[in-house]
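Novice: Those letters in the sequence shown? Residues 1 to 916, by our numbering.
No lab work stands behind these hints, which were simulated from the structure alone. Since the model is a prediction, treat every value here as computed from it, not as a measurement. Hints are not guaranteed to be accurate.
Label-pair restraints from in silico Cβ distances [to be verified]:
no., residue 1, residue 2, range
1, R27, K207, 36 to 42 Å
2, T772, Y885, 49 to 55 Å
3, E45, A264, 55 to 61 Å
4, Q123, P300, 22 to 28 Å
5, R891, A668, 39 to 45 Å
6, G304, P208, 28 to 34 Å
7, E701, D844, 25 to 31 Å
8, P331, W598, 43 to 49 Å
9, K207, R119, 28 to 34 Å
10, P208, P300, 19 to 25 Å
11, G614, T111, 47 to 53 Å
Just so you know, even glycine gets a beta-carbon here, dropped at the ideal spot from N, CA and C.
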Amino acid sequence: MTNLLRLSPPTFEHHPTGLGLAEAAPRVSWRFLCTDGGPKGWEQEIYEIEIAQSPEIAGETYRVSSNESVLVPWPSAPLRSREQRSVRVRVYGSLEGQSSNVSSAWSPWATVECALLERSDWQACVIGNATKPSTESPFQPIRFRRTFALPFDPTSGGRARLYITSQGVYRAFINGRQVGDHCMAPGWTSYKHHLNYQIFDVTFLLKPAGDNVISVEVGEGWYATLLGFRPGKRCIYGDELGVVAQLEAESSTGEVFRLTSDHAWSCQPSAILRSEIYNGELYDAREETPGWDGSTGVDPSAWGPVRELPFPAAKLIATDAPPVRVTEEVPPVKILTTPSGKTVVDFGQILVGKLRVRKLNKPSGHRVRFTHAEVLENGELGTRPLRTAQCADEIVSAGSELSNWSPQFTFHGFRYVQVDGWTPTDEDPLSLDQVTALVLHTDMARTGWFSCSHPMINQLHNNALWSTRGNFVSIPTDCPQRNERLGWTGDIQIYCPSASFLYHTAGMLSGWLKDLAAEQLLDTNDGIPPFVVPDVLQDVWPHAPQAVWDDVVVLTPWSLYCSYGDANILRRQYPSMIAWLDRGIRRGSDGLWEPQLWQLGDWLDPTAPPSEPGDARTHGVLVADAYLVHVTNVMSHISKILGVTSDARRFRADALRLKAAFQHKYIAPSGLLVGDSQTALSLAIQFDLFSTSEQRVTASERLAQLVRLAKFRVATGFAGTPIITHALTKAGHHQIAYRMLQEKGCPSWMYPITMGATTIWERWDSMLPDNTINPGEMTSFNHYALGSIINWLHTTVAGVSPIEPGWKTFRVAPLPGGTITSAEAQYETPYGRLECHWAITDGDHFHLKLLVPANSKAFVALPDNRKIGVGANDEERGEWVGSGYHQFFSRWDNLTHWPPESVIPIMRKRQPEDIA
Numbered sequence: 001m002t003n004l005l006r007l008s009p010p011t012f013e014h015h016p017t018g019l020g021l022a023e024a025a026p027r028v029s030w031r032f033l034c035t036d037g038g039p040k041g042w043e044q045e046i047y048e049i050e051i052a053q054s055p056e057i058a059g060e061t062y063r064v065s066s067n068e069s070v071l072v073p074w075p076s077a078p079l080r081s082r083e084q085r086s087v088r089v090r091v092y093g094s095l096e097g098q099s100s101n102v103s104s105a106w107s108p109w110a111t112v113e114c115a116l117l118e119r120s121d122w123q124a125c126v127i128g129n130a131t132k133p134s135t136e137s138p139f140q141p142i143r144f145r146r147t148f149a150l151p152f153d154p155t156s157g158g159r160a161r162l163y164i165t166s167q168g169v170y171r172a173f174i175n176g177r178q179v180g181d182h183c184m185a186p187g188w189t190s191y192k193h194h195l196n197y198q199i200f201d202v203t204f205l206l207k208p209a210g211d212n213v214i215s216v217e218v219g220e221g222w223y224a225t226l227l228g229f230r231p232g233k234r235c236i237y238g239d240e241l242g243v244v245a246q247l248e249a250e251s252s253t254g255e256v257f258r259l260t261s262d263h264a265w266s267c268q269p270s271a272i273l274r275s276e277i278y279n280g281e282l283y284d285a286r287e288e289t290p291g292w293d294g295s296t297g298v299d300p301s302a303w304g305p306v307r308e309l310p311f312p313a314a315k316l317i318a319t320d321a322p323p324v325r326v327t328e329e330v331p332p333v334k335i336l337t338t339p340s341g342k343t344v345v346d347f348g349q350i351l352v353g354k355l356r357v358r359k360l361n362k363p364s365g366h367r368v369r370f371t372h373a374e375v376l377e378n379g380e381l382g383t384r385p386l387r388t389a390q391c392a393d394e395i396v397s398a399g400s401e402l403s404n405w406s407p408q409f410t411f412h413g414f415r416y417v418q419v420d421g422w423t424p425t426d427e428d429p430l431s432l433d434q435v436t437a438l439v440l441h442t443d444m445a446r447t448g449w450f451s452c453s454h455p456m457i458n459q460l461h462n463n464a465l466w467s468t469r470g471n472f473v474s475i476p477t478d479c480p481q482r483n484e485r486l487g488w489t490g491d492i493q494i495y496c497p498s499a500s501f502l503y504h505t506a507g508m509l510s511g512w513l514k515d516l517a518a519e520q521l522l523d524t525n526d527g528i529p530p531f532v533v534p535d536v537l538q539d540v541w542p543h544a545p546q547a548v549w550d551d552v553v554v555l556t557p558w559s560l561y562c563s564y565g566d567a568n569i570l571r572r573q574y575p576s577m578i579a580w581l582d583r584g585i586r587r588g589s590d591g592l593w594e595p596q597l598w599q600l601g602d603w604l605d606p607t608a609p610p611s612e613p614g615d616a617r618t619h620g621v622l623v624a625d626a627y628l629v630h631v632t633n634v635m636s637h638i639s640k641i642l643g644v645t646s647d648a649r650r651f652r653a654d655a656l657r658l659k660a661a662f663q664h665k666y667i668a669p670s671g672l673l674v675g676d677s678q679t680a681l682s683l684a685i686q687f688d689l690f691s692t693s694e695q696r697v698t699a700s701e702r703l704a705q706l707v708r709l710a711k712f713r714v715a716t717g718f719a720g721t722p723i724i725t726h727a728l729t730k731a732g733h734h735q736i737a738y739r740m741l742q743e744k745g746c747p748s749w750m751y752p753i754t755m756g757a758t759t760i761w762e763r764w765d766s767m768l769p770d771n772t773i774n775p776g777e778m779t780s781f782n783h784y785a786l787g788s789i790i791n792w793l794h795t796t797v798a799g800v801s802p803i804e805p806g807w808k809t810f811r812v813a814p815l816p817g818g819t820i821t822s823a824e825a826q827y828e829t830p831y832g833r834l835e836c837h838w839a840i841t842d843g844d845h846f847h848l849k850l851l852v853p854a855n856s857k858a859f860v861a862l863p864d865n866r867k868i869g870v871g872a873n874d875e876e877r878g879e880w881v882g883s884g885y886h887q888f889f890s891r892w893d894n895l896t897h898w899p900p901e902s903v904i905p906i907m908r909k910r911q912p913e914d915i916a
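Given only the sequences and the hints, what does the whole structure look like? Please build it.
Specialist: Next comes the structure, spelled out in structure tokens:
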């Protein structure tokens, strides 16, 4: 059986590579790679972990009786700073519940290496320019350089590591070759609390004989750039750029060489004259110093002294988050000439990243300017949604050919780029092969895929995918193009389940949550988290508690736990959760929210005026109160999981009391709500806020009626949109949810697609039907929040969702509907690959194909076995299956489930494209 059951190399914590972990005793995971579906019904009973100094030297093997294969405890002695070990795994298990001692082969070896675990491990200084720059204007990036010789050859059985971070963003070189492929490193954190650093294996970049050169260029990045709005602020974290670099080489005999940033380094201004996040980069090729990166020698007289700066007070962290990288190169699709005669390059897709100019040959002093925007309006570049952000990069030519140029320390959200100073009719013409777009985002591992028989729904899912990529740039942001790009808490709170299906988000988001807790608990004593993390709006946004947004402190750790089964995330964030519920929430006499406190509530309700996005038809306090009951109930579960039994009992009692208070305040005996809206009813249904099944039936029918009255157009904002299709499905009206999903009129999920959208919009009508941009100041065309509908595509249309946190057991219960005749999802669970595909053939034959990873189980409920609706028995019919490939067949009469038009007279007649 070993040929059918293979293991992946072990992984450690949520770290992408294992090089540079911040944990002395890292937890170990492995996944099952089964060929031909693998052995059916295989469950692990025993695992063995071998830990060795290297694969060539026999190590110690630890044998454990356990069915756990995700985040199992480190069995050996804790590692020290820089210490390295090789690890491999073998497992034994049973088939179809009968012990048969079926074993796997040993997994491939994986290497784990600790980072610098103690502050005392750092011997490097922060170095900056000899003179302090003015804070009245953008900082010019600085280049640092140091020449050194090695006393031994680290490539002969030794190793070399570069530990590096900066006050600003950096790129590093050794002997003219770039160190790593990171962009915008070290990333954006709450710099006063946490500063990430990176660890690179630079063994083979070094020369064993002769002089070596290490060079680092530092731009202002998020550290010192203009951030925020109204009008924003510079130098929020510091007013001097600097670098901290520590190069350590070790020979095969244990001899150590160490080079640290200190006064012996030299520096000079960069040929990049300025580089800002919002406004872009200016590069003057005439100021370039050839060979500054160590590729050739330079004139040392052109380099000046450095100054040692105070070491950061923040904790230096080797993060589990993957770095920001260039993940794709997108060619342009056409070059346009606008009505005013401007040259615009169209890349066919809204993306986040930067240009690559393959070749530019202009006279000395000639300027070429690239202005980025997401859309066109009246045939011209639509820059109004950028607000004050210029989003422009500029090159000043040196009179010689410039090849493969890209801005280094900025990024833009764009589909279109207006090019000034370079046209297709020039002597050196602009052509489609001269520029490409480099897609830039945190390089998380892709884990989830979805497709179905409806092309427009596939486009919707693809749009959400692109918005996820574009808004996960070091932190989870609200938009990647205008003068904002901030870590709004409400957006990720509602979108986290969707993002965590598409990508492995645990490393990135758990690091972001550390910053959230630090700013919530260390910067204030009231338990209220900031609206954005890192918080750069302290001076422009009131520090007041808000439901939905501040509930991120409970719901996002909970969402990560459900996806990855890592209770340590809950444990680490628990003080933040307690502070919010016990001190942060401003309560009225009934324990619910203070009724006079204004709430963002159902933000961006479609009926809200462009200038008043919070003016929703659902009262904000009702939204807040519903969320409070839900969050309190979730806290009771979290406390129980963590073994805090007194808190578990307290929060459970609180949840019941608050639910009764909510019922008294908002729910009539019949089940109708005071807030008679789609959002209010969806919240009450989804959060189980009714006291009787009769009330739930009444509310469910009213919700379906409201959706019909709205002609299936969306009538929800931030609070209602993530849950309305779930609530309709739970209420027994899944066909109404499908009909709503497929509606093309504005506002709807399909409307932006009819307008050519390639990402999720911030507003339902960011582009109006007449092809003009929504007049609201807050209008983005790349904003993932309203794309949270894709969670319903995953859990209901494809039909896959976890039962146990971490997907050890999961539910497969697709519910066909609408005009969709097939759907499929693939998901890389922590145990292995899950595949689910269903199709309806010959009108009424339902066929399901399923792959279950080894060491996990699935509960399969076919559509004719599902108990749908508020009166349904929780004990639905189905069967448990173990690992391997499975097929299921049943009857499905879709016509009896799709609402006849005679029953819903306001349904417009279906068009041919609806059947696509």
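Novice: Does each hint hold? Answer for all of them.
Specialist: Outcome of the hint check:
no., hint, in the structure
1, R27 with K207: 36 to 42 Å, "38 Å, holds"
2, T772 with Y885: 49 to 55 Å, "52 Å, holds"
3, E45 with A264: 55 to 61 Å, "59 Å, holds"
4, Q123 with P300: 22 to 28 Å, "25 Å, holds"
5, R891 with A668: 39 to 45 Å, "40 Å, holds"
6, G304 with P208: 28 to 34 Å, "30 Å, holds"
7, E701 with D844: 25 to 31 Å, "28 Å, holds"
8, P331 with W598: 43 to 49 Å, "48 Å, holds"
9, K207 with R119: 28 to 34 Å, "32 Å, holds"
10, P208 with P300: 19 to 25 Å, "24 Å, holds"
11, G614 with T111: 47 to 53 Å, "51 Å, holds"
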